[in-house]
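As given, the protein sequences belong to chains A and B, one line each in that order.
Numbered according to this note's numbering, the first sequence spans residues 1 to 359.
Numbered according to this note's numbering, the second sequence spans residues 1 to 360.
Derived by calculation from the structure, the hints in this document are not laboratory data.
Glycine residues also receive a C-beta, built at the ideal position from the N, C-alpha and C atoms.
Be aware that a few hints might be false.
[Stated by the list, open to error] Quick look at which bits of chain B chain A covers, simulated, 3 or more residues with Cβ under 8 Å: (1) 141 to 153; (2) 227 to 240; (3) 250 to 263; (4) 273 to 279.
[Unchecked claim] Computed cross-link-like contacts, SDA-like style, restricted to lysine to any residue with a CA-CA straight-line distance of at most 20 Å: (5) A:K232 to B:N94; (6) B:K267 to B:G257; (7) A:K280 to A:D294; (8) A:K5 to B:T35; (9) A:K232 to B:H90; (10) A:K15 to B:P38; (11) A:K15 to B:T22; (12) A:K221 to A:V189; (13) A:K232 to B:I91.
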Amino acid sequence: MVTKKVDLRSDTVTKPTEAMRAAMAIAEVDDDVLNFDPTARRLETEMAMITGKEAALFVPSGTMGNLISVLVHCDVRGSEVILGHDSHIAVYENGGISTIGGVHPRTVTNNKDGTMDIESIEAAIRNKNFEICYPTTRLICLENSHANSGGRCLSVEYTDMVGVLARNYGLKLHIDGARLFNASTALGVPVHRLVQAADSVSVCLSKGLGAPIGSVIVGSKSFIAKAKILRKTLGGGMRQSGVLCAAALVALQENVQKIEGDHKKARTLAEGLNNIKGLKVDLDAVETNIVFFDILEEANITAQKLCNILEEHDILLMQDKPKRLRIVLHHQISASDVQFTLSCIQKAVNGVSHGNGLA
Amino acid sequence: MVTRWIDLRSDTVTKPTEAMRTAMAKAEVDDDVLTFDPTGLRLEEEMIRITGKEAALFVPSGTMGNLISVLTHCDVRGSEVILGHNSHIHIYENGGISTIGGVHPRTVINNKDGTMDINLIEAAIRDPAFEICYPTTKLICLENSHCNAGGRCISVEYIDKVGELAKKHGLKLHIDGARIFNASTALGVPVDRLVQAADSVSICLSKGLGAPVGSMIVGSKSFIAKAKILRKTLGGGMRQIGVLCAAALVALQDNVGKLEDDHKKAKTLAEGLDSINGLRVDVASVETNIVYLDILESSNMTAPKLCKALERHGILVMEDKPYRVRLVLHHQISTTDVHFTLSCIQQAVDAASDQNAASP
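So here's chain A without its partners, still in its complex pose (with noise of 0.2 Å):
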């Protein structure tokens, strides 16, 4: 009998619905490396409608969306990044844009709304008088929405602050954009509006969308122009891309939607996770469709062990820290699997605290 997992570790885990599967079948293609895909191209020309860039570019996954983004614009020796410590590129992206790309991180401290200081990231810009010393920054990358503050959404003013800082300063504004549809639909800004002052976004198609692979990033002719030479440098050049992008086309089309209702699950769980004695969960950081809680010493069980209490029923949760899990909804997890899965934390936490010998 197979049993239908309810997977919260990540939007990540999104399954190719139908429609998208049957789109792959009938997928008008072509070599996308010797020509251009049709398909791809299609996808391409949409997603620059929509973020109201000159240019797209499909790219196998976010990290290569970042990748390309942070060397492309670092593209002579010796550049240096600002970006947040908290990042998604400064800590989960194996380092790469220095490893490979041979670029110098500096971080600024990210708050728990997934801001930095716009003093901060002003300190932060190396002073040219001190070139014989100093990389030269060239660069500013945002998050929105930002992941590990628990997704929450950048506002489009501040987003505004940071691009007319960068442009003072002649530096480019990257935005890693992988839930970037996630914070349009929180904030109720078009997601045009919302990466106006970037050059560059890395929007992914594979998560909360739901498409099964990609990502795209999208930006100015010349960006793009150079960014395509990356991609295939990196090995992203794709063939028959078109079997992939059509799934994406699907994505957008119905999946974008559906995210309105994704936050109201994750604010479900949120405010069913906090009634629960024992654990902990910041509201208000509860902006979209990732819900981080916390395990409160009075409930005595860890992490590890609520994972694998869920996991016999068939939940799959992160494990963050040891007293710490992540919950990520997405179109694939139904108002009635919340429920369930809130019954069986219930059960979980309260079970282990009865079985700790209470009077």
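Since the structure of chain A is already known, use the hints to place chain B on it.
Showing chain B alone in chain A's frame:
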């Protein structure tokens, strides 16, 4: 009206078959980064079986396959790799092993047959006594079949000899086996025997085998474990890869057996072209599915002109030099296509020579 193109520019143009599309549509998938994709795993197991190596890894392209392999073998800064001056890695991969990987290339002349003289390879190995000013040689790369040599095959005896040389000097051996199945078919040597001496191999699924996307790297468990991390770092960590691996599995099942025909068609084409006045093909060097065509002075024809003339008939070929054209056969080119191509080329050359004759 949709005209069907006869696309002879490369075997990378192969489009997914109905069987592949069906397999892709119903592929069992999962997040290959967080966990493992089951169809991806099946493909890896199949490639392990075919190549006789311990482990395998799916990557988006042959370029990434080679890049990862070179960088994994040469993971210490200051490394050097020996490879052919006319190898695909050296010519067509954006110099990525250096610009991205910091590895220094040391080229050795490729002979017309794709090999490098063993004594020249040995001479290129850096003497550790001079390490104060030398990089450290870590790796030798071969290419089989050899693309720029016209798809020529490196024999198993030669590979074994290079393997011995590598081992003697404590070096690794990587084979760019983009078209290894073509080589195996042409030589009549099973793939696993052919690559036995290699520490790693990169094999394309999207060329003659016809899958839409992807290559596989094979090697030892520890090599592949490192390769997997580097794949993620480069941005090749894809999620539900089963949709692509399903097509690749069909490719392995259905299309390896068709390679022999591709070679026969290439031979037919080569012989036909060589017998056209004004054209020349080194027919003896046509061992697999690639044909290089030289246009002689006397023909009053150029490569760009020939390409244009053929395009008008719906035939696409690749200009290699001003007087040199490359044609690559694959399973989506029929025998009729081959004959049609021959007759169109004959026509074009005749027209050019008529012009020549006509001018005073």
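Status of each hint after checking the structure:
1. 141 to 153: Per the Cβ count (0), the hint is violated.
2. 227 to 240: This one holds; 10 residues, not fewer than the three required, reach chain A with a Cβ under 8 Å.
3. 250 to 263: violated (count 0)
4. 273 to 279: Violated - the segment 273 to 279 of chain B has 0 residues with a Cβ nearer than 8 Å to chain A, which falls short of three.
5. A:K232 to B:N94: Holds. A:K232 to B:N94 sits at ~8 Å (cutoff 20 Å).
6. B:K267 to B:G257: holds, 17 Å
7. A:K280 to A:D294: holds, 5 Å
8. A:K5 to B:T35: holds, 14 Å
9. A:K232 to B:H90: The hint holds at about 14 Å.
10. A:K15 to B:P38: holds, 13 Å
11. A:K15 to B:T22: holds, 17 Å
12. A:K221 to A:V189: Not OK: A:K221 and A:V189 at ~25 Å, beyond 20 Å, violated.
13. A:K232 to B:I91: holds, 13 Å
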